Amino acid sequence: MDDELAGRVAIVTGVASGIGAASASLLEQAGAHVIVADLNAAAAGTAGRFVRHDVASEDSWKALLADVLAREGRLDIMVNNAGISGGAGTVETTTVENWQRVQSVDSEGVFLGCKYAIEGMKKTGPGKAASQGSIVNIASVAGLIGTGGPIAYTAAKGAVRLLSKSVALYCAEKKYGIRCNSVHPGGVDTAIFNPLWQMVGREQGKAVIGAHHPIGRMAESEELGHVVLWLASDRSSFVTGAEIVADGALTSGLMRRALRGPS
Amino acid sequence: MARLEGKVVLLSGGASGIGAATARLVVREGGKAVLADRDEAKGRALAAELGPAALFVPLDVIREETWQTAVAATVDAFGGLHGLLNAAGIGVRNTIEDCSLADYRRVNDINSLGSFLGCKSVLPAMKQSGGGSIVNISSVLGLRGASYAMAYCASKGAVRALTKNVAMHCAQMKYNIRCNSVHPGYIDTPMIAPRLDQNIGNLSGRQWLEELHPLGRLGQAEEVANMNLFLLSDESSFATGSEFVCDGGLTA
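Note that the protein sequences, when read in sequence, are chains P and H.
Per numbering that gives the first Met the number 0, the first sequence starts with residue 0, numbered consecutively.
Per numbering that gives the first Met the number 0, the second sequence starts with residue 0, numbered consecutively.
These aren't lab readings, by the way, just hints derived from the structure by calculation.
Remember, predicted model here, so these are calculated numbers, not experimental data.
Backbone N, C-alpha and C define an ideal beta-carbon position, used for all residues, glycine too.
Nothing false has been slipped in among the hints.
Covered stretches of chain H, as calculated for chain P (at least 3 residues, CB under 8 Å):
| hint | segment |
| --- | --- |
| 1 | 97 to 103 |
| 2 | 109 to 122 |
| 3 | 156 to 168 |
Here are a few chain H residues that face chain P, going by a calculated C-beta distance under 8 Å:
| hint | residue |
| --- | --- |
| 4 | E63 |
| 5 | T94 |
| 6 | G144 |
| 7 | A145 |
| 8 | A153 |
So here's chain H without its partners, still in its complex pose:
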């Protein structure tokens, strides 16, 4: 049986990487996927490829009104909203000494404020639809620190914490809405592409990142998408406020 039959899922960052891989699984499993992204060309192309079960909507995660438009378009097209994947995000390398206040704010706005606005914006439609599941993409760097990703660590720590806050609020209010965070290791997506060619010592950037993981390789977007699929489906009906780690053993 299709695992997401009858479910409508909105995916921020749905045009590429983990968001796109999850959108493919959502459609494969009988659900509707709304690809919400700033990259209109890529988003429309993927929506066209996925067919009538998919839709592209433009989204700038830090602008609340674009979230509201995206939710309205979702309900208009598919009659409800049962899932949200907050996958939009940026990865920036900086340290406590070289990060400017403007950079700190930009990273936290997109990754943290963007996730908060996603959660806030979907709740009315999810309540109307009888409940749902929110999946926030944090990172292993929301669990552990890294000297070279100070602002990113802060933003993903914020996502980890706000996820629990949303989960507890929805539980107390009896909304039948769950909220969990996913913590990927280094996944072979456009986000880390700039790092793959930057040599560290006698290792290529790719080798250095691969060797961080006990499994000895980078993760694939589909592997995180499979975890997201589980969390978006009713198979995870007793999981809320939790941290789901998908990192090839990195934090073990």
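Next comes chain P alone, as it looks inside the complex:
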């Protein structure tokens, strides 16, 4: 249906590439009015209305919500997608500075996104139907298993996994009509893998990472965009506080891991 989300207003963060761009585009195709929020002005012109935004800055969130409520007058869908990997730090090599930088974007950014989304969803303009709010937080399989990424990123995604449940329960108890879920993608062909693509080449790299997934390949961004679209829409109306895993069965079974000794 082209108009399933007609009249709904959505914010998607981190849309310069990957899951965010695909989500924004699919939400727009479904009829939603989409605000794409990104630090990077290169995201302008892809889908929706661009607003320059820094998820780690509370002032930036206040300005974004004020702008959306002034111009669109409501908020129904919040996709907290912006994130950084922070490089390949292990427990031994990660510095406090790196840790804090990753937490400020990947954990605090999602916390602020939820907090201001709720405020915005409650302030739907007069004379308009109440918001059927849905908050979608993009976590990662790194929040589920130990080999999913750098330690600071893993910790941040573990935080998002649990804070999403707290938000879901809170909104349910308050009868706000707002749902909140976390999405846990496996390997998705996005810019987060650019450093690896530069080292081994994109096709080669995709094949190597894809082989770790029982389904035999990495995901394309659009496949995660469809998960986001489903969670944003009323089709998932009884789904809240859930962990939606879209990982080609990566975390379903026993994993044979490459043997790696001290180098």
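We have chain P; now place chain H onto it with these hints.
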């Protein structure tokens, strides 16, 4: 036979609650316990009570240099380091609507960054000592959400996840170092003391918390300490990257 004979264990939050209870078991089982805490008076008193097998060192878990000093003092005093218990933490009640960014950061710094820094700081000494075991205290709120503990849930979810990351790293590097998380229910420690007198409906705070648990009571610090003892000892030699739940049936 003493279950921790020859093992040296560093315990953050070792002056009270689960940390203190575990320190007592470590010494009882023949190990050395280094009580690392911000509360110097309580920590020194417990160390004095436990005798020559115990030592107090000051520690502020979010300051990496105090971790390094604590590890150095441990190795100086007892000649090695085989166990780490990350028990220091704070419990704060807040919701997504009333939690400030500063509060969110403070809770996550102490509970999550503090645990990470503990793991990072002990690895060199543990490798030198031939291996070891790290136990991170998460919570049932690292497994399930609670509307009234948003930042705490996030921080304990982070601990749950980073534990697996440390376990996998140490396994891949063949360090002979294991890392597991422990998920207590509500334990009768100073952390939950403020809640016991806050009535909810016609129940006292204590009754309300007790009734959450199928066993119908709060846990005792010693009951979690027993799980920690198992994980710190070689009895758990094939357990790593796992979640050990000690919650009176709360999450069942």
